[in-house]
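So the chains spell out like this:
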Amino acid sequence: MTDQLLSWLSAYGLPALFFVLVVASAGVPFPATFLLVAAGSFVAQGELKLWEVCALACAGAVAGDQIGYLVGRYGGRALVLTTTRRFRAADKLARAEALTRRWGGAGVFLSRWLVTLLGPWVNLTSGAARYPWARFFVWDVLGEALWVAIYVTLGKIFSDRVQQLADLLGSLAWVVLGALAALLLGWKLLTYFRDSDAQPPDHSAADARDYADERAA
Amino acid sequence: MRRGVVQTLKGFGWRQWLVVLLFFVVLGATALHATFTLRRAIYWRQHQDDPIRGWMTVGYVAHSYRVPPRVLYEALDLPPREPHDPHAPRDRRPLREIAREQGRTVEEITATLQAAIARERERQRATPPNPGAPPTSPHAPPPPPPRRDDGGKP
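Quick mapping for you: the protein sequence lines, in order, are chains W and U.
Position 82, counted from 1, in the first sequence is what the working numbering calls 82; the numbers after and before it change by one each time, with no gaps.
Position 136, counted from 1, in the second sequence is what the working numbering calls 136; the numbers after and before it change by one each time, with no gaps.
Check before you lean on any hint, since a few could be wrong.
Claimed, not checked - Here are a few chain U residues that face chain W, going by a calculated C-beta distance under 8 Å:
1) 16
2) 33
3) 34
4) 96
5) 99
Claimed, not checked - Residues of chain U clear of chain W, computed beta-carbon distances all greater than 12 Å:
6) 66
7) 77
8) 94
9) 124
10) 128
FYI, nobody ran anything at the bench for these hints, they're computed from the structure.
Where is the CB? At the ideal position from N, CA and C, for every residue including glycine.
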């Protein structure tokens, strides 16, 4: 699969790059980072032009992200509303939307270039939570431009070792995602200890909370 | 402080213990994966050559292995350029396509290229470049014809 996509890049150049990035950003698990690195290598070899690669890669990625956002907003929105009505969780949805509005920009920006594995999900949830489109678009363009710049530059610098660099970066993406998950779980654990410090020690406090949660659910 | 931690742990319900378990599982898996990645990065720094894959063009393999592209085109019985197509100054076909056209497998093509690279490197070792000459890029088009300098022979 990866081999086939890279063969397209070798044979057809920029149109292949644009197409693969649209599809990958919309959520199909194509190795977009690998393609950017390879495109950077082709730039170093004089086969492709730098500004053309950057412009088309950015345009492709941003276009794919808009597809994800629209699906979340018009397809996902209906599903989310039905589900929340069924479970009577309208207040939770409102809270999630408020959270997305508050932190959505940073989430969109960081998921473009740092935690790229989350990118397509953030597109969907931003659309479903009705994060304002103009702001989504601006953060999206900024994040994707940075992503393209980083990986094309890496490909240019290590233009003779694309395969190994891409393998390494793919591996690193999982380390970043794992570190983020560990950070969130650690933060959650910390709040347990902080809550318990704030309250007088009570053996059954947590179980009581669980029980209350279960009753509410 | 320690007593406070113990008290908190004693107060944990199954949800809290699930978060503790998940935290350590994720932390362990990430640390393990990070170690593998680091080892790979160290290996990567020491080994320059990219493994040959079907997506690569002959030009890319030549670039990666720092040999003149002409050597590899000759090894595959290909013309170094496509004179009939002015828009394609280089052969951009990936190796898998070349393999298909020649009725061979990518592995066979890879083996041919590796043999040609080994021969070329042996040749380069046998005839070190003239110290007075400016350094030449392996990609300088058009590549110069092979020439053995008798004066440089041992």
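Next on the checklist: Over 12 Å from every CB of chain W: does residue 77 of chain U meet that, or does the non-interface label fail?
Outcome noted: With a cut-off of 12 Å, residue 77 of chain U remains clear of chain W, as the shortest Cβ separation is near 20 Å.
Checklist entry - Does the nearest C-beta of chain W fall within a distance shorter than 8 Å of the C-beta of residue 33 of chain U? => result At 6 Å from the nearest chain W Cβ, residue 33 of chain U passes the 8 Å test, so the hint holds.
Checklist entry - Given residue 34 of chain U as an interface hint, is the shortest Cβ-Cβ distance to chain W below 8 Å? => result 5 Å, holds
Item to check | Interface restraint verdict for residue 96 of chain U against chain W (beta-carbon cut-off 8 Å) | outcome: Holds - the Cβ of residue 96 of chain U comes within 8 Å of chain W, reaching about 6 Å at its closest.
Next on the checklist: Beyond 12 Å on every Cβ pair: is that true for residue 128 of chain U relative to chain W?
Outcome noted: Label holds. Min Cβ-Cβ 22 Å, cutoff 12 Å.
Item to check | Status of residue 66 of chain U, Cβ more than 12 Å from any chain W Cβ | outcome: Violated, because the least Cβ-Cβ distance between residue 66 of chain U and chain W comes to about 7 Å, which does not exceed 12 Å.
Next on the checklist: A closest beta-carbon separation below 8 Å is what the hint needs, so does residue 16 of chain U meet it against chain W?
Outcome noted: 5 Å, holds
Checklist entry - Does residue 124 of chain U really sit off the interface, with its C-beta more than 12 Å from all C-beta atoms of chain W? => result Label holds. Min Cβ-Cβ 16 Å, cutoff 12 Å.
Checklist entry - Hint check: is the beta carbon of residue 99 of chain U less than 8 Å from a beta carbon of chain W? => result 11 Å, violated
Checklist entry - Does the no-contact call for residue 94 of chain U survive, Cβ to all of chain W over 12 Å? => result Violated, since 4 Å does not exceed 12 Å.
The structure is inconsistent with the numbered hints 5, 6, 8, although it conforms to all the rest.
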